[in-house]
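Asks: Starting from the known structure of chain W, fit chains X and D onto it as the hints suggest.
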Amino acid sequence: MVNKRFFLNQGPFLLKDLIAATNAKLVRDADLNLQIDDLAPLENAKNKELSFFVNRSYLSEFSNSNAGFCFVLEKDIKHAPSSMILLVHEHPHKAYAIATNLFYPNSSNIQDIAKTAYISEKAILGNNCKIGQFVVIEDDVVISDNTIIEHNSVIKSGVIIGANAKIHSNVTISHSIIGDNVIIHPGAKIGQDGFGFASDHTGHMKIQQLGIVRIGNNVEIGANTTIDRGSIQDTVIGDMCQIDNLVQLGHNVKLGTACVIVAQVGIAGSSKLGNFTVLGGQVGVAGHLNIGSQVQIAAQSGVVKDVADKQKLGGSPAVPIRQWHKQNYCLNKLVKNSNIEE
Amino acid sequence: MVNKRFFLNQGPFLLKDLIAATNAKLVRDADLNLQIDDLAPLENAKNKELSFFVNRSYLSEFSNSNAGFCFVLEKDIKHAPSSMILLVHEHPHKAYAIATNLFYPNSSNIQDIAKTAYISEKAILGNNCKIGQFVVIEDDVVISDNTIIEHNSVIKSGVIIGANAKIHSNVTISHSIIGDNVIIHPGAKIGQDGFGFASDHTGHMKIQQLGIVRIGNNVEIGANTTIDRGSIQDTVIGDMCQIDNLVQLGHNVKLGTACVIVAQVGIAGSSKLGNFTVLGGQVGVAGHLNIGSQVQIAAQSGVVKDVADKQKLGGSPAVPIRQWHKQNYCLNKLVKNSNIEE
Amino acid sequence: MVNKRFFLNQGPFLLKDLIAATNAKLVRDADLNLQIDDLAPLENAKNKELSFFVNRSYLSEFSNSNAGFCFVLEKDIKHAPSSMILLVHEHPHKAYAIATNLFYPNSSNIQDIAKTAYISEKAILGNNCKIGQFVVIEDDVVISDNTIIEHNSVIKSGVIIGANAKIHSNVTISHSIIGDNVIIHPGAKIGQDGFGFASDHTGHMKIQQLGIVRIGNNVEIGANTTIDRGSIQDTVIGDMCQIDNLVQLGHNVKLGTACVIVAQVGIAGSSKLGNFTVLGGQVGVAGHLNIGSQVQIAAQSGVVKDVADKQKLGGSPAVPIRQWHKQNYCLNKLVKNSNIEE
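Protein chains in written order, with numbering that gives the first Met the number 0: chain W, 0 to 341; chain X, 0 to 341; chain D, 0 to 341.
One or more of the hints may lead you astray.
Not the full set, but computed from the structure, chain X residues with beta-carbon under 8 Å of chain W [as the list claims (entries may be wrong)]:
hint, residue
1, Ile147
2, Thr171
3, Lys188
4, Thr225
5, Gly265
6, Ala267
7, Ser315
8, Pro319
9, Gln322
10, Lys325
11, Leu333
12, Ser337
Honestly, the hints are just simulated from the structure, not real lab data. For clarity, every value in this text was computed on a predicted model and none was experimentally measured. Even glycine gets a Cβ: it sits at the ideal position worked out from N, Cα and C.
This is chain W alone, in the form it adopts within the complex:
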């Protein structure tokens, strides 16, 4: 059962509601008017609660679950407890995602424009915007309808934010143009100077950073992530990108559509990614590289060369993932054959 102190359950819903929302199929006959009270993980779920099963490492939790209802793959039906009502879906994780949005849709407890917020007279706010305490909105900012800015965040002059966005607390945004339905988590810093200077033996001279950050629609940006503005071109985040916490994107970086950037990744200046490319946690990408579409880079890898579409890489320096596995295999074999004692 979800913690009622923090989450407001919009249910219960009926079995038929869930089927209608997800297009899942019932395996066994069941009363379509059965009531589903809540969502729960397999190991805690009760009779009137809905769960999902897709990751095989949790097979025993699934087979022993008391969940009344569960989204499953067709092939996993045989592992289910006999009393469980199974909702077969080709993508149970997605069906569950739909269910979470049905029971617990986006919401905010910020109700209006806080009197303590500082909002420039030269800023333009759309309808139904909600602004938290001690927010600062400078001159010439434009924010579209239904966007929420949480407490203590700072929107610097000229920034444009689309509709239905949610900017959490303690965020700073400058020099940016941001699309609709964007979520920016607490503490993210967007649009500050990139790391730009010209060095010689006397030291470093600052290069003024004259590009901006352009963020598409339906983008999510993690807590305490930093995205520098362009040096003279722009830094660009394509539609539907998912960016996790503590990620660093350097100046002029360009992400295509729907890239997934896991926590603590760093992408150096001027590198470009295609669409649907996935970087695992703590990956580093050197500067001025072209990484294609549907590329997958294993966690902690270091990418130092261009990468073609659909490649899978691992290691530091990164090599094709099978090559990386072979490197590790050969290295351990080498150790074994060496008979060294410590």
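Replies: Same frame as chain W, now just chains X and D:
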């Protein structure tokens, strides 16, 4: 001598006070009423100042130190200058820790509840809480006695914080239940959405994150660290965990008691650690893993498999630490034998 | 053309102004009174715009550029379009840096001391300081002339900041003495407790952190970077250091002059760097090490031993860079010779 601009010395103390507080033993006879004015590092300490020696890389600083008083291991007595008054302790570092808390106990220059703070009428504050400027405390927050919230921090609705906690500036906490004696350093972000979405070829659908963060007693959390709330289970930080700066803990991560998580570590979603486990700086732990108790992982390692209790690992992918040393040894030998020229 | 929504162009300037400012030399005769309107990247620049060329990966952009004016190396003259007016400079990147500061000098839209700021009566502000909304400046802070503190930043008691500094939004600074002309980007946290405790089987005892942070002149510190104060010595950042985003500097770390610390680097407690040393992105440096001057460490390397001046290292554990390249070469050769199939 400690900088008086920033630190208020509660001393001087007498030699007998330090002995009483630490159970250290005197090596040589000394007047128990000798006055100790302050703490200092070995290389700067003066006649009336107290230092400690434990790390052998600083042996020459120890042997040449002018410190009047020093916590030492019994075996290091022979390296000490003849005029130094030696306080033998089996754990000099801990004795020194006690001394720091004697001379410079926890304090705060925040004296009361700032008039500029925004505190919901539906929040409950214990006795003697101190709240800084521009702090936001939303509805239904409960904070116990003697807890301090520093400037510009945000405590979102429903959060519970125990007694004697110190939340530094520019922190955001939501969806969390936090124990007693917890320290949260500036900029930490706790309880925001985990990185949760269901992906297919059309893009990514957000999965509402419905778990919370539970933090035990006597936990310390570093600056700009991020701890995501659970997806439907909870993220759990056990008692006495020490978490450094810029650490990322994904949704559903569970740390046992007294784990040490050094800076820039990332632990992916749903992985669990036992008790007294130590992760070195920049370590990455993949998702859904079970890491045992008293495990030690070398800095920058990448853990991709379950780890049994008391194992020591290194490398990426991580292997037993001796295997990692052998890998490096064999690799360098291979290079040597290859006679390649660049 | 630079985005006029966000940047205020102080031009146009004449060709002779740029020559005077940079000491560049004209290759071909040209009217010294030609007007230069703006700066632009090679691929977008127009007739009256100025660009620069130095990175050979952009050779085709250079050869096909419509830029009217361009800083170039003498050896690249032959690749230039015939109509381009070439400004030869031995360091085109530096000449361009000068141009950016001419067209777009440092500026701030914060005009005075915000009425919402909380400034202690015991703080001392120099002439012409500008303080943003909801800034907190505690007792005994001293800030010199022309320094700007942006919104929602917190300057804790006793901190000293020099002249002409710019502290961006959502920054927290405590226990620090900071020089002139320093730039601190949004969200940086400076001066908090280092990761200090004494551990035994019962848990961890906090060691009060009694050193401070000393930052020299002309230092730049990136967004969401964390710099812990010393444990009893000080943490020291030398003049002209450039520190990127999300960097972690542990207690007692000492950087010499003009070091370059790229994003997501972590330096553990008590390690020291010389002058003009460069750490690539995501490098980790273990504690208590001495790293010399003019050292270069490749991205993602893990430094576990002292490093002499002018060494170049790579890998984890880090070895001389040629050794690292040889390791990778030999490892791939080993894989090739093994004929393993997966």
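Asks: Each hint should be assessed against the structure and marked as holding or not.
Replies: Verification of the hints:
no.: 1; hint: Ile147; in the structure: violated (18 Å)
no.: 2; hint: Thr171; in the structure: holds (4 Å)
no.: 3; hint: Lys188; in the structure: holds (4 Å)
no.: 4; hint: Thr225; in the structure: holds (4 Å)
no.: 5; hint: Gly265; in the structure: holds (5 Å)
no.: 6; hint: Ala267; in the structure: holds (6 Å)
no.: 7; hint: Ser315; in the structure: holds (5 Å)
no.: 8; hint: Pro319; in the structure: violated (11 Å)
no.: 9; hint: Gln322; in the structure: holds (6 Å)
no.: 10; hint: Lys325; in the structure: holds (4 Å)
no.: 11; hint: Leu333; in the structure: holds (7 Å)
no.: 12; hint: Ser337; in the structure: violated (13 Å)
Against the hints set out earlier in the document, violations occur for numbers 1, 8, 12.
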